[in-house]
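Peer 1: Starting from the given sequences, assemble the full structure and let the hints guide the process.
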Amino acid sequence: ELKVEQNPLFLSMQEGKNYTIYCNYSTTSDRLYWYRQDPGKSLESLFVLLSNGAVKQEGRLMASLDTKARLSTLHITAAVHDLSATYFCAVDPMDSSYKLIFGSGTRLLVRP
Amino acid sequence: GAVVSQHPSRVICKSGTSVKIECRSLDFQATTMFWYRQFPKQSLMLMATSNEGSKATYEQGVEKDKFLINHASLTLSTLTVTSAHPEDSSFYICSARVLGGIYYEQYFGPGTRLTVT
Chain U
66 ELKVEQNPLF LSMQEGKNYT IYCNYSTTSD RLYWYRQDPG KSLESLFVLL SNGAVKQEGR
126 LMASLDTKAR LSTLHITAAV HDLSATYFCA VDPMDSSYKL IFGSGTRLLV RP
Chain W
364 GAVVSQHPSR VICKSGTSVK IECRSLDFQA TTMFWYRQFP KQSLMLMATS NEGSKATYEQ
424 GVEKDKFLIN HASLTLSTLT VTSAHPEDSS FYICSARVLG GIYYEQYFGP GTRLTVT
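Chains U and W supply the protein sequences, listed in that same order. FYI, in our numbering the residues of the first sequence are 66 to 177. FYI, in our numbering the residues of the second sequence are 364 to 480.
Honestly, the hints are just simulated from the structure, not real lab data. Treat the hints with caution; some may be incorrect.
What the hints assert, rightly or not - Calculated pairs, EDC-like style, for lysine to aspartate or glutamate (alpha carbon to alpha carbon, straight line, at most 16 angstroms):
#, chain 1, residue 1, chain 2, residue 2
1, W, LYS404, U, ASP95
2, W, LYS429, W, ASP451
3, U, LYS164, W, GLU422
4, U, LYS121, U, ASP95
5, U, LYS164, W, GLU468
6, W, LYS383, W, GLU422
7, U, LYS106, U, ASP147
8, U, LYS82, U, ASP147
9, W, LYS429, W, GLU450
Claimed, not checked - Here are a few chain U residues that face chain W, going by a calculated C-beta distance under 10 angstroms:
#, residue
10, SER107
11, VAL113
12, SER169
Don't be surprised by glycine CBs; every beta carbon is placed ideally from N, CA and C.
Peer 2: This is the structure in structure tokens:
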């Protein structure tokens with residue numbers, strides 16, 4: 066059974082700093098998704114990573130995928146308060162279920 | 364991108380009553396939709412996979428008779444919480460699976476907050 070682990074679960078960082086959120090998964094997959102969730106809201110798609118070595122960037126966020134290590138990272142550069150949210154990674158188990166398996170989420174708080 | 368709507372966005376009901384939540388794909392057809400529930404400060408828990416024209420596939424531990432799912436058309440799936448109890452209070456989110464080129468992506472609805480009193 067595919068398991069997805071994110072760390073840290075909670076991250077408090079100062080504006081202007083850099084940090085990385087990690088997403089490890091337990092079985093083979095080369096499809097990984099990152100989502101953002103604001104309090105009381107649903108999920109917003111950030112990145113879709115489809116192959117080993119894939120790297121996507123949008124503003125201050127950059128996501129990468131290493132399928133051999135079964136690891137994805139979400140790197141935050143020069144954080145700003147607007148990035149405060151909960152970030153989820155989700156992995157496609159590449160079976161016929163079409164499901165996504167979600168990590169536990171990382172709650173990010175960017176302090177002034 | 365593809366838009367998924369949910370109705371209602373919030374509902375308060377009394378214990379013992381039933382509540383229906385609708386999930387619609389607005390500008391595309393979705394043969395597969397998913398229903399999740401989310402407790403405060405927790406991740407999404409997949410409840411069931413809803414397939415148009417066939418029975419839903421429920422995840423282990425989810426009561427089929429309590430959470431009735433109907434995917435009657437290519438743009439509408441409904442989740443009915445029957446005989447609701449306070450422990451059913453949660454944030455329910457649906458998603459629709461869309462083929463975007465060479466991969467499938469899930470687009471999420473805005474969620475429905477259910478409070479059972």
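Peer 1: A separate judgement is required for each hint: does it hold in the structure or not?
Peer 2: Consistency of the hints with the structure:
no., hint, verdict
1, W:LYS404 - U:ASP95, "violated, 28 angstroms"
2, W:LYS429 - W:ASP451, "holds, 10 angstroms"
3, U:LYS164 - W:GLU422, "holds, 11 angstroms"
4, U:LYS121 - U:ASP95, "holds, 14 angstroms"
5, U:LYS164 - W:GLU468, "holds, 10 angstroms"
6, W:LYS383 - W:GLU422, "violated, 20 angstroms"
7, U:LYS106 - U:ASP147, "holds, 15 angstroms"
8, U:LYS82 - U:ASP147, "holds, 14 angstroms"
9, W:LYS429 - W:GLU450, "holds, 12 angstroms"
10, SER107, "holds, 4 angstroms"
11, VAL113, "holds, 6 angstroms"
12, SER169, "holds, 5 angstroms"
Of the numbered hints given earlier, the model fails hints 1, 6; all others are met.
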